[in-house]
Amino acid sequence: MSRKTTTAAENRQARRRTLRLLLDRADRGALGRDDAALLRSVIEPELAAGDAARRAAGGQQAAVRRLQHRLDAAEQAIVEAERDRLDAAHPA
Numbered sequence: 264m265s266r267k268t269t270t271a272a273e274n275r276q277a278r279r280r281t282l283r284l285l286l287d288r289a290d291r292g293a294l295g296r297d298d299a300a301l302l303r304s305v306i307e308p309e310l311a312a313g314d315a316a317r318r319a320a321g322g323q324q325a326a327v328r329r330l331q332h333r334l335d336a337a338e339q340a341i342v343e344a345e346r347d348r349l350d351a352a353h354p355a
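The sequence shown begins at 264 in this note's numbering and counts up one residue at a time.
Please note that the accuracy of each hint is not assured.
[As the list claims (entries may be wrong)] Okay, derived cross-link-like pairs now, SDA-like style, lysine to any residue, Cα gap no bigger than 20 Å in a straight line:
id, residue 1, residue 2
1, Lys267, Ala299
2, Lys267, Ala315
3, Lys267, Val327
4, Lys267, Pro308
5, Lys267, Gly313
Read the hints as simulated data drawn from the structure, not as lab findings.
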């Protein structure tokens, strides 16, 4: 893993630990004003990361569909080429 990827993963884990701590405080009714601001600062990057992941996944799914169409067309072309080759080898 690159240093940038490692740092991003470490930052994400730190945000998640903080989020769990704040949620525990909220469950106990002990979430203060500063905690609420911290909660927002932790949640916003998580929401952005989730949105980015969904966009990336959507793009990847679209690319897979395009490649599947190309593969289907290539397979059809192979079947037709084999049929043409057999027809040429064994004229009626």
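Each hint, compared with the structure:
1. With a C-alpha separation of about 29 Å, the suggested pairing of Lys267 with Ala299 is violated against the 20 Å cut-off.
2. Of the supplied pair hints, the one linking Lys267 and Ala315 holds, its CA atoms being roughly 17 Å apart against a limit of 20 Å.
3. Pair hint Lys267 plus Val327 does not hold up; C-alpha atoms about 28 Å apart against a cutoff of 20 Å.
4. As the CA atoms of Lys267 and Pro308 are separated by approximately 16 Å, the hinted pair is consistent with the 20 Å bound.
5. Under the criterion of a C-alpha separation no larger than 20 Å, the hint pairing Lys267 with Gly313 is consistent with the structure, at around 19 Å.
When held up to the earlier numbered hints, the structure conflicts with 1 and 3 and fits the remainder.
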